[in-house]
Amino acid sequence: MILINSSPKDALKIFQPFLPIFVPIGVGCLAASCENEGIKVHIADEQVEEDILGLISRQVAGLKRPYIFAFSVLTAALKSSIELSRQLRRLYPDSVIVFGGIHPSAMPEEVLAYDHIDFVIRGEGERALIDLYKSIKDGRSPYDLNNLSFKESGKFFHNDLSPFLQDLDKLPDFPYHLFKSKKYDLGFVISSRGCPHRCIFCSNRITTGKKYRFRSANKIAEELELLYKKYDKKNVLFLDDNLLVSKDRIYRLLEEIKTRGLDRKMTFRFQARGDNVDFRLLDDLYQSGFRSIFFGIETASENLMKVVKKDESVAECIEAVRMAKKIGFYVSATFIYALPEESHQDRIDSLKLSKDLRLDMVRFNNATPYPGTELYDMAKAENRLYIQGLYENFLSVSTFIENPFNKIPFSYVPKGNSERKIREDILLSYLFFYLDFNKLKEVFVNPGKGVGWFNAGESLLTFLRNIFPLSILALFLIVKFFDLALDKLLEAFCIMSHKNREQAYG
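Residue numbers (the working numbering): 2 to 507.
It is worth saying that the hints were derived from the structure and are not from the lab.
DMTMM-like cross-link-like pairs, simulated, lysine to aspartate or glutamate; straight-line CA separation at most 25 Å:
{"no.": "1", "residue 1": "Lys381", "residue 2": "Asp312"}
{"no.": "2", "residue 1": "Lys183", "residue 2": "Glu223"}
{"no.": "3", "residue 1": "Lys310", "residue 2": "Asp241"}
{"no.": "4", "residue 1": "Lys80", "residue 2": "Glu47"}
Given only the sequences and the hints, what does the whole structure look like? Please build it.
Following this line, the structure appears as structure tokens:
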């Protein structure tokens with residue numbers, strides 16, 4: 002079986018050369034479970050392969066027909082996944098093509114409308130993919146398998162979902178050894194699945210659910226030791242959606258880290274919510290090697306916090322950031338602009354808050370209604386959902402990464418707002434936040450401190466290789482900010498002219 006991560010190499014446009022290439026987590030988890038069952042699997046990842054079809058042709062040479070091609074698909078990669086799977090069906094007409102992951106789980110009928118796609122696996126796919134593989138290879142009918150969606154005689158069928166796996170320790174260890182490309186950043190662990198909260202913009206729960214499940218402290222610490230000893234990783238990112246849901250399990254993990262001496266050898270980065278932290282917990286994390294924390298603050302408006310169902314307050318986020326800064330953490334955050342019911346003043350307040358909190362790094366995103374989220378349903382109900390092609394405009398960072406001469410239209414603009422005004426506010430926020438020599442210096446000199454949003458090169462050689470794309474990036478940003486300045490000048494001129502006319506005519 003071939004497990005495929007189809008992802009366009011230019012997904013983040015001019016920023017692509019400056020971002021770490023993360024291992025496709027879903028593909029890795031599926032590969033580990035398949036290997037554990039004795040199933041021979043190969044991995045094909047378009048992020049790192051120049052000739053994906055050539056690679057697959059070599060991989061299938063040692064496999065028995067029918068070949069099974071299983072795609073793990075995010076919304077942003079739907080177009081490339083459809084295109085590659087079509088090519089594979091033409092090259093291998095008797096193959097079986099399976100789509101899984103967040104987007105197919107949310108939109109199975111949309112995916113199965115493509116005749117060359119045979120099955121969709123919804124939700125967590127480890128057990129379902131293994132069962133499907135064995136059914137196909139044994140010549141048995143797979144149509145009664147849990148988590149499976151398919152089309153027959155023009156009708157769609159969606160089998161029941163299996164209960165979520167509760168004991169994550171029963172899953173095999175993540176197969177770092179399968180990801181051999183030097184382009185990958187292997188400095189990560191996943192210690193939990195699921196999130197108990199209900200944010201309207203989050204699509205991760207589509208596959209992992211709301212039930213919070215976590216691996217044992219011993220298993221996580223073993224993985225950290227593996228990364229340190231075998232892969233020489235001294236700085237590790239916890240890729241959990243929300244690391245600190247259970248304090249009891251965190252303290253067991255901290256004890257295990259200290260017992261093994263990892264707190265003296267490694268540093269860790271993680272994501273948390275403001276309502277999950279207190280001073281003692283943050284201090285204990287810091288003393289155990291955790292040095293960088295990321296908060297999804299999203300907005301400075303308490304009302305908008307309720308609108309997006311964050312189940313925490315702005316005040317809690319502010320207090321969490323202040324505690325983290327006092328202890329010594331490097332603190333990153335995101336704010337989301339273009340949320341439902343948002344105003345221009347709400348966005349300006351968010352910018353002010355980011356400055357007042359002395360955050361080290363901030364990303365200002367535009368709200369994106371990913372399929373399967375409540376925000377998607379709201380945007381559709383309001384007739385304010387705009388899908389370009391195969392979701393090619395579903396990019397939460399589009400304003401900053403887009404070519405200024407070929408802008409990416411927003412997928413959603415809330416009532417009472419304009420795309421132009423939101424785009425201006427995003428650019429203004431970036432300009433005023435990063436118009437600081439020390440912040441820019443940190444971004445370029447210490448890229449490993451934050452959450453991996455930008456890295457111009459940690460070695461002189463890498464930096465020199467990136468000189469040309471850095472120059473293009475600088476040019477694009479200059480054009481964007483120059484265009485912004487002209488708009489503001491024109492706006493000021495119009496306001497002044499209007500006032501003069503009012504004075505002239507009394």
